[in-house]
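All chains should be built: construct the whole structure from the sequences, respecting the hints.
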Amino acid sequence: RTGDMRLAVDDAPQAADGVRGIATDAGGFVADEQERARDEEVDITVRVPADRFDDVREDVEALGDVVEQSVDARDVTAEMVDVESRIASLRASVERVRGLLSEAGTVDQLAMVEGELARRETELEAMLGQQRVLADQVALGTLAVHLSQDDEPAVAEGTPGFTEGLRKGWVAAVEAGTLTLA
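Remember, the numbering used here sits 844 above the position in the sequence shown when you count from 1.
Careful, some of the hints might be misleading.
Now the in silico label distances, taken between C-beta atoms and shown as ranges [said to hold, decoys possible]:
#: 1; residue 1: THR868; residue 2: SER914; range: 16 to 26 Å
#: 2; residue 1: ARG864; residue 2: VAL915; range: 14 to 24 Å
#: 3; residue 1: GLU969; residue 2: SER946; range: 43 to 53 Å
#: 4; residue 1: GLU965; residue 2: ALA852; range: 50 to 60 Å
#: 5; residue 1: ARG864; residue 2: VAL982; range: 18 to 28 Å
Because the hints were derived from the structure by calculation, they are not lab data. Backbone N, C-alpha and C fix where the C-beta goes; we use that ideal spot for every residue, glycine too.
So this is what it looks like as structure tokens:
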């Protein structure tokens, strides 16, 4: 399961500390974190045990006002079964090729069988890696949290509005045209 949350908070770094604590208490960890102090924003991604995902999400919600949220679940059962089947087939294939290794008569035959064995072992290792990735996806959920302080940016006193800016731009353009013609 994966989720994305956007929260408006009073203090983004303090809320990020809260997210870290919630994830750790649930048996998870911080996978990624980026703080933009200038913008008063923090993006933090946590990985938590799948069976604690909803609890973690609810605890994180309590840290501020939820602006936006989405959760996605992906069923990888068929993919797991397929990978496990392919691993079993590759293991059997590797054993057959190892058997042929002892029967190789010439150096050329030995080299050919060793090359095939190496190729199949590499393929088996890749499948085992894919199995580990899928197991990790099943065991841990990922929650990406965007924290931003809910203070509205204040316009400095004396800052011209759009109309005043447009007027000043037009005057500058006309003066530049006049100077060019002179």
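Quick rundown of the hints versus the structure:
| no. | hint | verdict |
| --- | --- | --- |
| 1 | THR868 / SER914: 16 to 26 Å | holds (24 Å) |
| 2 | ARG864 / VAL915: 14 to 24 Å | holds (20 Å) |
| 3 | GLU969 / SER946: 43 to 53 Å | violated (23 Å) |
| 4 | GLU965 / ALA852: 50 to 60 Å | holds (53 Å) |
| 5 | ARG864 / VAL982: 18 to 28 Å | holds (24 Å) |
Hint compliance for this structure: hint 3 is the single one not met.
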